[in-house]
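Novice: Sequence:
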Amino acid sequence: MNKYYIIFLAGTATLTYESVLGQQSAVYTNQYKEYQDAVNLYANKQYQAAQNIFLQVKRKTSNEEIEANCAYYIANCAVRLNQIGADGLMEDFVTNYPTSTKRNSAYKDVADYYFEQGKYPYALKWYEKVEDSNFSNSEQEKLNFNKGYAYFTAKRQDQAKKYFNRVINSKKYGSQAKYYIGYMAYEGDDYSQANEYFDQIQGSDQLNEKLAYYQADMNFKLGKFDLALQQALEQLQKTRDRQEVSELHKIAGESLFNLKRYSEAIPHLEQYKGKKGKWNNTDYYQLGYAYYQEGNYEKAIGQLNKIIDGNNSVAQNAYYHLGQCYLKNDKKQQALNAFKNASQMDFDAQIQEDAMLNYVKLSYEVGNAYESVSALLLSYLSKYPDSGHTEEVRSLLVDSYITSKNYEAALTLLEKNRNYSDKETYQKVAFYRGVELFNEGDYQQAKSYFDKSLSQPINSTYNARARFWKGECDYLLTNYADALISFKQFENSATSSLKENADIDYNIGYTYFKQKNYEKAISYFSKYTESAPKDKSKLNDAYLRLGDSYFVSSNYWPAMETYNKAIALNGVDADYANFQKAISYGFVDRNERKIEELIKFVNTYKKSAYRDDALYELGNVYIAENNVNKGIAAYDQLVNEYKKSSYVPKTLLKEGLIFYNNNQNEKALGKFKTVVRDFPNTQESIQAVSTAKLIYVDEGRVDEYAAWVKNIDFVQVTDAELDNATYESAENQYIQNKTNQAISGFEKYLNQFPNGLHATNAHFYLAQLQFGKGEKAASVPHYEVVISKERNEFTEQALSRLGQIYLENKEYEKAIPVLKRLETEADYPQNISFAQNNLMKAYYEQNDYEATVMYAEKVLSNPKVDDRIASDAHIMIARSAIKTGDEAKAKQAYAEVQKKATGALMAEALYYDVYFKNKEGKYEASNKVMQKLAQEYSGYKEFGAKGLVVMAKNYYAMDDAFNATTILKSVISNFASYPEIVSEAQIELNKIKAEEAKTNASVETDTPVEETQPQQGN
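For the sequence shown, the working numbering assigns the number 1 to the initial residue and increments by one for each residue that follows.
Keep in mind that the hints were calculated from the coordinates and are not lab data. A portion of the hints provided could be inaccurate.
Claimed, not checked - Distance windows between CB atoms, simulated: (1) ASN663 <-> GLU596: 23 to 33 Å; (2) LYS773 <-> ASN663: 44 to 54 Å; (3) GLU353 <-> ALA976: 22 to 32 Å; (4) GLU845 <-> GLY885: 55 to 65 Å; (5) ASP226 <-> ASN311: 24 to 34 Å; (6) THR461 <-> GLU995: 34 to 44 Å; (7) LYS643 <-> ASN740: 23 to 33 Å; (8) SER983 <-> LYS773: 14 to 24 Å; (9) ARG868 <-> THR461: 22 to 32 Å; (10) THR461 <-> ASN312: 26 to 36 Å; (11) LYS516 <-> ARG677: 55 to 65 Å; (12) ASN629 <-> ILE735: 39 to 49 Å; (13) GLU995 <-> GLU187: 52 to 62 Å; (14) GLU808 <-> ILE458: 34 to 44 Å.
To be verified - Here are the simulated DSSO-like cross-link-like pairs (lysine-lysine), alpha carbons at most 30 Å apart as the crow flies: (15) LYS328 <-> LYS276; (16) LYS514 <-> LYS820; (17) LYS299 <-> LYS928; (18) LYS536 <-> LYS565; (19) LYS536 <-> LYS520; (20) LYS520 <-> LYS644; (21) LYS361 <-> LYS932; (22) LYS171 <-> LYS119; (23) LYS841 <-> LYS919.
Where is the CB? At the ideal position from N, CA and C, for every residue including glycine.
Whole structure, please, built from the sequences with the hints as guidance.
Specialist: Here's what the structure looks like:
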């Protein structure tokens, strides 16, 4: 059998015949040619074509060596063509052809191919399969270097060093191997070894340029700042690599920074572009601190306030100096936040202590919306008892209780920490807490705090003031005897310098007036009016009450003179003064003048609540003067124009009696029947029935009378005497203030005579007694009976009380119709105001914002509305506008609230001022209002927390990420009781951190961050 073999060298093939006994067949010759063609295609990188031919030859040949070589080339082509399964083909070749001369070089060839393509992980995979033998020296050096570099890129430094060390003396690879060994030492902070290898390198200029950068960096890290600076500056003149230029500026800048040459450091630090376009907190700190040292506080702030989420010594130092910069620029609120952060870190104890001192002092000065100023001062004294600032802080602590206006929290602290308080401080704070509660309308609680203040009567001024305001509380709680005692004690305290002294005679006069001691009331109202008070509205009111006191005491001429003084002021209630003056003329036998004044009143005050009174009095005086026709005309005008007036049944009855006395019996009966029909169960209807009976009897028309009376429910003729006797028994107990006996008596009467002559009276008095005992639920059915009847003398009071009970129980659906009736049927202006004010609130609770605004505007249209109720009305308008999205109207209404409100309403109004200014882009103005909210209304936590979130938005809009994030984190950590606000703060914080993380590598965020592209150098 003929034998042959093929030797392949460097991609070429040579055929040698071992036997000359025969010639190769034509078929075999053809296979060899195809094989040679494939080898040539492979050498020319025509891998797909070569692979196809190798596959054909491999299938046809019977020669094992040719078959093995084809398998080798097929696998190599697959690798270079990136075909699926290429690695498996190479593995199959090694497994299937163990005796092939290409077995070892096969792995190396694949590895070299991947290496040249820069696919080092793939290369390493195949290099690890190569057996280090059977290679020439040059091939072995290449193998060792490539394998070392592949390990280097895989960060397997120990293996990399092993292979680099094998070629460290190689002429071709030695310099590069030393470079990478040195670089690994540099990365591992082994600068001594790094320098040892770098000093040995003799290589390309490019390699030497890289070395210059690393050596500068190493010398900087070794603290050789002068040398590092020199090398960095030299290298900056040579390199054009933008990233390297950035890093060299950083080395130069930091070296100068450490040499405290801040003005020289700044330009280099400014040229640094960051890692992947990002700076970190240290970068911002160094540039900011350099600006600080140069006195450029504005630029320092611009760098230092980018440091957020810092929690190391660099951050503590940065926040402390940021606080100093803010103080230099008179930005105290921002400084407070910076010192707060620095004081919460313990990396430098001295900085921490000084930062906390600044924090508590600024909190005292500008307010603190996060935590109690008093508690902070106490915390400082507790943590630093031996500080040189102890006395200063204790002094601030005393003042903080009052200036912070967080009196409730202050009292708690005072009662728990007696070491840092004195009795006088407690006296003052308790007083101010009482005033705060008084302004909120909680008179019972306010009184208890005035008593606390009086329990420590150290300061005579506050002792007197507490007595005055305690008297105000008792007066408003209708405890007139107690109020008088307090007012008298104030009067006797010789406190002419106090502002309360201006009103003491007025208050005492009113208290006597309420006790019906008109002689004393006259004395004090006179003293007040003669003192020329500045408050014209109170002077007007004092004249009116003085006139009333004279009037009730039957001193009509002095009364008229006093009413004239009120009229001259042209203030509110001028109609009342004119009316009282008019009827006074009747009591001094000046009926003509009375008629004249009443006609003038009716024509002048068309909308007065006293106009129906005037018409009634006008009719009476005409009748008294025997001018019956004019009297009847006045009565008719009243009935026609004021159908709901309480005077209507009286007027109709009087007209009937007039007709009866003038023998006009049919007209009289008509009036009496109208009274009975429209106003049943009233005293007027009872008298109408009684007089009508006389007419029927006189005219012999008893049958008509009996038929008429039969259909009248409230008339039980046969039981009339028993009815009257039973009622009078209960009424006597009522008059004698025997509450329980009266209740029992009225209940007995109503059980016996549910439709009796006095049923309405009994229901009303029974309700009043139960209400007085606090049994309000039991009183409701009786008040409801009273208001279910036609208009009577008790209707107005019953409506008022019933409305009050429904409001207290938050039964707004029941309260609204009752209050609407009170509004239209009340004779007393106070009750109309009460109805309108509470309808406004009830409709708001029912989410009827249109009706809320309508009634709020009614309340505000009343010229006599007091400041507190006016504030309520403006608040209702504002809240309704917010609910309906009418922010323009809400803004206007909240601005009105700010003019007069106190306490919680002022806190709410200030918050919305903060909110609206933010919406308008007035960020600094918004923050200024927020500082007022924090300083003066810190006790109202909800609005404080909401305002802080807006304040954070303001700061971020002004490119101050530090203050924005500090405030939001404080909200999250201090206001857990308001989860919705905390949630909003967290959302805002996440948004800011995600945005800042794009340029600050020190910011950690859970939100995916889109990285900023590296900044390009010049």
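Novice: Determine for every hint whether it applies to the structure shown.
Specialist: Okay, the hints, checked on the actual structure:
1. ASN663 <-> GLU596: 23 to 33 Å: Holds, at about 32 Å.
2. LYS773 <-> ASN663: 44 to 54 Å: 52 Å, holds
3. GLU353 <-> ALA976: 22 to 32 Å: Holds, since GLU353 and ALA976 (Cβ atoms, about 29 Å apart) stay within the stated range.
4. GLU845 <-> GLY885: 55 to 65 Å: The hinted range 55 to 65 Å is violated for GLU845 and GLY885, with Cβ atoms some 20 Å apart.
5. ASP226 <-> ASN311: 24 to 34 Å: 33 Å Cβ-Cβ, so the 24 to 34 Å window holds.
6. THR461 <-> GLU995: 34 to 44 Å: 55 Å, violated
7. LYS643 <-> ASN740: 23 to 33 Å: With a Cβ separation near 40 Å, LYS643 and ASN740 fall outside 23 to 33 Å, so the hint is violated.
8. SER983 <-> LYS773: 14 to 24 Å: Since the Cβ atoms of SER983 and LYS773 sit about 48 Å apart, the hinted range of 14 to 24 Å is violated.
9. ARG868 <-> THR461: 22 to 32 Å: For THR461 against ARG868, whose Cβ atoms are near 26 Å apart, the range 22 to 32 Å holds.
10. THR461 <-> ASN312: 26 to 36 Å: Since THR461 and ASN312 have Cβ atoms about 52 Å apart, the given range 26 to 36 Å is violated.
11. LYS516 <-> ARG677: 55 to 65 Å: 38 Å, violated
12. ASN629 <-> ILE735: 39 to 49 Å: 41 Å, holds
13. GLU995 <-> GLU187: 52 to 62 Å: 32 Å, violated
14. GLU808 <-> ILE458: 34 to 44 Å: Because 39 Å falls inside the window, the suggested range holds.
15. LYS328 <-> LYS276: Violated, at about 34 Å.
16. LYS514 <-> LYS820: 29 Å, holds
17. LYS299 <-> LYS928: Measuring from Cα to Cα gives roughly 22 Å; hence the hint holds.
18. LYS536 <-> LYS565: 12 Å, holds
19. LYS536 <-> LYS520: With Cα atoms ~22 Å apart, LYS536 and LYS520 stay inside 30 Å; holds.
20. LYS520 <-> LYS644: Violated - the C-alpha atoms of LYS644 and LYS520 are around 37 Å apart, more than 30 Å.
21. LYS361 <-> LYS932: Holds, because 17 Å separates the two Cα atoms, which is no more than 30 Å.
22. LYS171 <-> LYS119: The given pair, whose Cα atoms are some 26 Å apart, holds under the 30 Å limit.
23. LYS841 <-> LYS919: Answer holds: LYS841 to LYS919 is near 28 Å, not above 30 Å.
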